[in-house]
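Chains as they are written, first to last, in our numbering: chain S, 1 to 271; chain D, 1 to 367; chain H, 1 to 270.
Any given hint could be a false lead.
To be verified - Result set (DSS-like, lysine-lysine): computed pairs, CA atoms no more than 25 Å apart in a straight line:
no.	chain 1	residue 1	chain 2	residue 2
1	H	K267	D	K106
2	D	K108	H	K86
3	H	K267	D	K107
4	D	K118	H	K267
Said to hold, decoys possible - Covered by chain H, per the in silico footprint, the following chain D stretches (three or more residues, Cβ under 8 Å):
no.	region
5	71-84
6	121-134
As the list claims (entries may be wrong) - Below, a sample of chain S positions facing chain H; criterion: calculated Cβ distance under 7 Å:
no.	residue
7	Y11
8	T15
9	L101
10	A123
11	G125
12	I126
Simulated from the structure, these hints should not be mistaken for lab results. Beta carbons are placed, not taken as given, at the ideal position from N, Cα and C, and that holds for glycine.
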Amino acid sequence: MRNRHLIARVYLSLTLVLLYVPIFYLIYFSFSSGKNMNKFEHFTFAHYQTLFQDNRLLAIFLETILLALLSSLIATIIGTFGAIAISGMKKESHKKTTLALNNVLMVSPDVIIGASFLIFFTALGIGLNFGSVLLSHIAFSIPIVVLMVLPRLNEMDMSLIDAARDLGANSWQVFSNVLIPAIMPGIFSGMFMALTYSLDDFAVTFFVTGNGFSTLSVEIYSRARQGIDLEINALSTVMFLFVLILVGIYYFITTKKSRRKNHRVIGGLVK
Amino acid sequence: MDMDIIKLKHITKQYDDGFVALKDINLTIESGKFYSLLGPSGSGKSTILRIIAGFSQPTEGKVYFDGKDITDLDAAKRHINTVFQNYALFPHLNVFENVAFGLKIKKKPMNEIKPAVKDALHMVRLDGYANREISELSGGQQQRVAIARAIVNEPKVLLLDESLSALDKRLRKDMQFELRAIQKKLGITFIFVTHDQEEALSMSDEIFVLNDGKIQQSGSPVAIYDEPVNDFVARFIGDSNILPGRMIKDYEVEFANNKFKCADGGIKPNEKVEVVIRPEDLDIVDPEKGKLVVTAQTQLFLGDHFEIKAIDANENEWLIHSTNGVKLGQRIGLFFDPEDIHVMRLNESQEDFDARIEKYEGDENED
Amino acid sequence: MRTRKALFLIPYLLWIFLFVILPILLILWYSFTDSNRSFTLNNYVVFFRNGTFLRMMINSFWYAMLITLLTLVISYPAAYFLTKMKNQQLWLLLIILPTWINLLLKAYAFIGILGNNGLVNQFLHLFGIGPVNILFTDFAFIFVATYIEIPFMILPIFNAIKEINPAVIQASEDLGASRWQTFRYVLWPLSRPGVESGVQAIFIPSLSLFMLTRLIGGNRVITLGTAIEEYFMTTMNWNMGATIGVILIVLMVIVMLITSRKARRKKVDL
Numbered sequence: 001m002r003n004r005h006l007i008a009r010v011y012l013s014l015t016l017v018l019l020y021v022p023i024f025y026l027i028y029f030s031f032s033s034g035k036n037m038n039k040f041e042h043f044t045f046a047h048y049q050t051l052f053q054d055n056r057l058l059a060i061f062l063e064t065i066l067l068a069l070l071s072s073l074i075a076t077i078i079g080t081f082g083a084i085a086i087s088g089m090k091k092e093s094h095k096k097t098t099l100a101l102n103n104v105l106m107v108s109p110d111v112i113i114g115a116s117f118l119i120f121f122t123a124l125g126i127g128l129n130f131g132s133v134l135l136s137h138i139a140f141s142i143p144i145v146v147l148m149v150l151p152r153l154n155e156m157d158m159s160l161i162d163a164a165r166d167l168g169a170n171s172w173q174v175f176s177n178v179l180i181p182a183i184m185p186g187i188f189s190g191m192f193m194a195l196t197y198s199l200d201d202f203a204v205t206f207f208v209t210g211n212g213f214s215t216l217s218v219e220i221y222s223r224a225r226q227g228i229d230l231e232i233n234a235l236s237t238v239m240f241l242f243v244l245i246l247v248g249i250y251y252f253i254t255t256k257k258s259r260r261k262n263h264r265v266i267g268g269l270v271k
Numbered sequence: 001m002d003m004d005i006i007k008l009k010h011i012t013k014q015y016d017d018g019f020v021a022l023k024d025i026n027l028t029i030e031s032g033k034f035y036s037l038l039g040p041s042g043s044g045k046s047t048i049l050r051i052i053a054g055f056s057q058p059t060e061g062k063v064y065f066d067g068k069d070i071t072d073l074d075a076a077k078r079h080i081n082t083v084f085q086n087y088a089l090f091p092h093l094n095v096f097e098n099v100a101f102g103l104k105i106k107k108k109p110m111n112e113i114k115p116a117v118k119d120a121l122h123m124v125r126l127d128g129y130a131n132r133e134i135s136e137l138s139g140g141q142q143q144r145v146a147i148a149r150a151i152v153n154e155p156k157v158l159l160l161d162e163s164l165s166a167l168d169k170r171l172r173k174d175m176q177f178e179l180r181a182i183q184k185k186l187g188i189t190f191i192f193v194t195h196d197q198e199e200a201l202s203m204s205d206e207i208f209v210l211n212d213g214k215i216q217q218s219g220s221p222v223a224i225y226d227e228p229v230n231d232f233v234a235r236f237i238g239d240s241n242i243l244p245g246r247m248i249k250d251y252e253v254e255f256a257n258n259k260f261k262c263a264d265g266g267i268k269p270n271e272k273v274e275v276v277i278r279p280e281d282l283d284i285v286d287p288e289k290g291k292l293v294v295t296a297q298t299q300l301f302l303g304d305h306f307e308i309k310a311i312d313a314n315e316n317e318w319l320i321h322s323t324n325g326v327k328l329g330q331r332i333g334l335f336f337d338p339e340d341i342h343v344m345r346l347n348e349s350q351e352d353f354d355a356r357i358e359k360y361e362g363d364e365n366e367d
Numbered sequence: 001m002r003t004r005k006a007l008f009l010i011p012y013l014l015w016i017f018l019f020v021i022l023p024i025l026l027i028l029w030y031s032f033t034d035s036n037r038s039f040t041l042n043n044y045v046v047f048f049r050n051g052t053f054l055r056m057m058i059n060s061f062w063y064a065m066l067i068t069l070l071t072l073v074i075s076y077p078a079a080y081f082l083t084k085m086k087n088q089q090l091w092l093l094l095i096i097l098p099t100w101i102n103l104l105l106k107a108y109a110f111i112g113i114l115g116n117n118g119l120v121n122q123f124l125h126l127f128g129i130g131p132v133n134i135l136f137t138d139f140a141f142i143f144v145a146t147y148i149e150i151p152f153m154i155l156p157i158f159n160a161i162k163e164i165n166p167a168v169i170q171a172s173e174d175l176g177a178s179r180w181q182t183f184r185y186v187l188w189p190l191s192r193p194g195v196e197s198g199v200q201a202i203f204i205p206s207l208s209l210f211m212l213t214r215l216i217g218g219n220r221v222i223t224l225g226t227a228i229e230e231y232f233m234t235t236m237n238w239n240m241g242a243t244i245g246v247i248l249i250v251l252m253v254i255v256m257l258i259t260s261r262k263a264r265r266k267k268v269d270l
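So that you can see chain S by itself, here it is in the shape it has in the complex:
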């Protein structure tokens, strides 16, 4: 028994090492005064100085975050309404069809989504800029919000609504005081997923962004294609810390909220 546990521990540790080597490799060389990731020259903060003076990159960083917040907010509203509408559908066939359509973007490869959205925007004469990227991010975030909210609606005790009506609540009061609070955890995790989808996306943005607008992923891609630039390493460190803080906050909030359903919550961190 003990022996088996040892094997488990060693195997998992090796997996973790594999997962983290590239990240720490980047961070390690962000402090090197050299020009490549082969040999650590001298310790320096020079790349961080360059990074924080790089106004273009900083602007892109802020725009990426703005894009993520805006798109996830709008996607959450539309997706939540969609989920409420789906759960209210009487006919099982309508429900199934709508869900199937909902999931099309979930299973499609990013290149297809990107290419078809590009055709779509061009056909409708919509310019390729912040607007088109925002619309695309909203579009591919909606289905995940629906999928996160729908189970909550299905689990919900419908007698709650009857009880509220019985107590004299009007439709709006039922909606805002009973329904929304009951499905709030689903809405919250849906929005969180939408946020990570947006922050993480490269392929779709790559297709639908014009010359005027770029996200961090696209910018990293175009710089990485030109070779190694230790400023990107410095950016990695910053983003790693950023993610650590974000995950820490999320972990803190969710474990405080539902200690018993802990493992489900962690599972929710996956995009």
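Could you slot chains D and H onto chain S? The hints should help.
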């Protein structure tokens, strides 16, 4: 031929968190009998089963099977099969595949597997169910599949872990009869873990009563019911009236401010004891004919008898089972025979109890 | 009540129409037209006549399969061991955390690690091997893609194994099964749903990892995903790009139908 098939010697089990589940357990299982391990939850009964099955290793002590030490043998290699608490049927396999599992593992040819599975399904009265999915079966049917899956391997010992507890009361009664019948037919040893004393009493040849990781008493259902060695056993098995008392001399005991003739001996005069009288051993008579006079307080009709609670002059509460009802508030006499009084010494272990019985019965013979 | 239900539905239905149905129709329409917007089957003829495209198609699926298989082989034991750990939450968090680092950054890291003077070659040098040319090979592409997908395979399998009743594993042992037999006949079939969703979550996205083929795979067009990107962003032949896209969609649907088909059980006569 050696009739003992399983022996546990000085088994102690301590879990990683320090909890001691079993304390120096010794027991012997003979082949071909129906045993029950009876006790409340946490008493260690399931731990004993897991150690016999091989799912759990004892911290100390040895397990012998057919005279061989199997303490470190894998569960897979023991000639013992288990019927699990919630059946643990393979949900991805149908009835036939579930029952055939053990034989397929042993690489038996299909023309041997089929008749064996057929026989096993017949034994549990599930003929014609071979192609059913597990999810289509009721709880009782799943229970039968679990039994068939175990007995098809022709184990020498079958372990049943709280196997009837998930069934409703009616089904449970039926299954008790059937289990007993299957055991008789197969002639193998059954070890049945339960917390339900009725179940244990009705099915077993022999019962081990467990509490606190120790065997409190072992013996036939009748012996355990009639002569509980301590108040745990007396309380756990059946309903009972337990009163503090004092031994006057052999065959005479004092309780409820009266002296009574009894059938127990070998205890020092004046020793403090506890006296057990089963509610069904109390007969209701006219007050003047009773050995004790009590006042009826409450009465419940339970279908086949009345359960009456009464109080005596010393405020002792008495539980009486009677086929006839009484009037509440009525003074009634209670009559019982000397053999109905069971005297228990405080903190007497079963070994001491057995030694005492042997000694004074021996004395009797010398007389 | 009715009107408000409609209000809920309108933006969502609008989304379904504009961003789900319309793009599919548009990409289909483009695949059947030429640059003058007149109907043609020529794009499909070119695709199936041209050996390069067919080879690319086979390559795409071959690589996607390799990536999926490799990921599965590494992830299954990890997921299984994870279910045995005491502080699962922490281990899980540590496995999920890297998925939060931008994919492009991780890909970029491998440019350094796999380079001729990078970590791997420095390591190989210790044994007197090398330098081996790893970067810009197909192997590098598969390796990095596997690296990126591992957490997405571990999680569904972990969840599936977690849901298996431990008594069922004991029942298997009790019936005489060895460790391998228990795995083969009980653990594996019962964890299949997790494996299936892991495979689906990896196989399809690995068809579209064009940025990896660009950065790590040596800027060559070796998969259908890269080809689509090439036609849309570089050569600007959207009609051909749309055609490849449609073919990719069709192949995907076929793969999904095959993997989700239920095996019929044969009945026994007793």
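For each hint, the structure was consulted:
1. K267/H to K106/D: holds (22 Å)
2. K108/D to K86/H: violated (39 Å)
3. K267/H to K107/D: Between K267/H and K107/D the Cα gap is close to 20 Å, so the pair holds against 25 Å.
4. K118/D to K267/H: With Cα atoms ~14 Å apart, K118/D and K267/H stay inside 25 Å; holds.
5. 71-84: holds (count 8)
6. 121-134: Satisfied; 3 residues make the cut.
7. Y11: holds (5 Å)
8. T15: Interface hint status for T15/S: holds (5 Å vs cutoff 7 Å).
9. L101: With a minimum Cβ separation of about 5 Å from chain H (threshold 7 Å), the hint on L101/S holds.
10. A123: Holds, about 6 Å.
11. G125: This hint is violated: G125/S lies away from chain H, its Cβ roughly 13 Å from the closest one there, beyond 7 Å.
12. I126: Given a least distance of 11 Å, the restraint on I126/S is violated.
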